[in-house]
Amino acid sequence: MTTAARDTAGRSRFVPGQPDMWAFVLFESLVFTVYFTVYLVHRSQDLDLYRQSQTHLDLHIGVFNTLVLLVSSGSMARCVQAARECAYRTALTNAIWTLLFGFVFFVSKVFEWTTEIERGFTFSTNEFFQFYYFLTAIHFLHLLIGFVVLAVGVRELRSPARRSQETIETCATYWHTIDYLWVLIFALLYVVR
Amino acid sequence: MSAASDKRLILAWLVLSAITISQLGLGSLDALTPNAAIASSAIVIALVKVRIIFREFMEIRHAPALLCRLTDLWVVSTGVILLGSYFLGMALSKG
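Line order of the protein sequences matches chains A and B. So for the first sequence, this note's numbering puts the first residue at 1; every next one is plus one. So for the second sequence, this note's numbering puts the first residue at 1; every next one is plus one.
Hints in this document: simulated from the structure, not taken from any laboratory. Glycine included, each C-beta is placed from N, C-alpha and C at the ideal position. Any given hint could turn out to be false.
Claimed, not checked - EDC-like, lysine to aspartate or glutamate: derived pairs with alpha carbons at most 16 Å apart:
| hint | chain 1 | residue 1 | chain 2 | residue 2 |
| --- | --- | --- | --- | --- |
| 1 | B | 94 | A | 58 |
| 2 | A | 109 | A | 58 |
| 3 | B | 94 | A | 46 |
Unchecked claim - According to the in silico footprint, chain A covers these stretches of chain B (three or more CB under 8 Å from chain A):
| hint | stretch |
| --- | --- |
| 4 | 9-16 |
| 5 | 66-77 |
Claimed, not checked - Examples of chain B residues lying across from chain A (beta carbon under 7 Å, computed):
| hint | residue |
| --- | --- |
| 6 | 39 |
| 7 | 59 |
| 8 | 62 |
| 9 | 93 |
Let's have the full structure, built from the sequences with the hints guiding it.
Right, here's the structure in full:
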């Protein structure tokens, strides 16, 4: 729905972004639910190994990464609001903040992996670390795709001829998905005992 | 950007951040003892955060009822599946 159409519709309800993206998001969420379930079931088979291995993860980095993604996601939500109100300069600034904080997460995650590998905890160390690297890597892949999606949003915001509220919202929907999937990964890998 | 919508987003972000920092305390508790209370709290808290992200950042509160229900259904069913997997796994490993 265009901005003008939404203005006409007043306070009526709307699907933020393209419905196809929501179908994709819900599908991805179901796929991740399966991953999480498999992780918890395997975890219950060897609780001692998983709990011992969990102590080698840095909870502070996990919290830092979560906060960084939350700031990034919050900036994207502000970008959407600003674009809806035709404050495109503010929207662009917030989209760039979103990208920057996404990049901070990128660097932090690479640093965390490097630290774990240097300490001898690799993919082949044990089953917990196989899940750790698998879940964080698949999330990382979504982050990389998210950078491309955000670049599309920034490109739209920079050019008055290309601006589409629906596209901005679609980009935001994808980016927030990266955020909430990380929230669950963080809880399961770092916090659950 | 309207002040009201901006305030609401900032409030949502503050709540999400506060909950995340509180998880630091939860995760710092005895790591080597199985603790169902910590596990279930971690899962429930994470799902509360996800729902806040859905409603406030992803604007689900303005979406049609079907999308609201679908996202809520996913949150609740994920909670049931994850908690079920955790407790069933614990029970089977003891048995």
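For each hint, the structure was consulted:
1. B:94 <-> A:58: violated, 29 Å
2. A:109 <-> A:58: With a Cα-Cα distance of about 11 Å, the restraint between residue 109 (chain A) and residue 58 (chain A) holds, given a limit of 16 Å.
3. B:94 <-> A:46: holds, 11 Å
4. 9-16: Held - the stretch 9-16 of chain B has 5 residues with a Cβ nearer than 8 Å to chain A, which meets the minimum of three.
5. 66-77: It holds, with 5 qualifying residues against the three required.
6. 39: For residue 39 (chain B), the interface hint holds, since the closest Cβ of chain A sits about 5 Å away, which is under 7 Å.
7. 59: Interface hint status for residue 59 (chain B): holds (4 Å vs cutoff 7 Å).
8. 62: holds, 6 Å
9. 93: Holds - the Cβ of residue 93 (chain B) comes within 7 Å of chain A, reaching about 5 Å at its closest.
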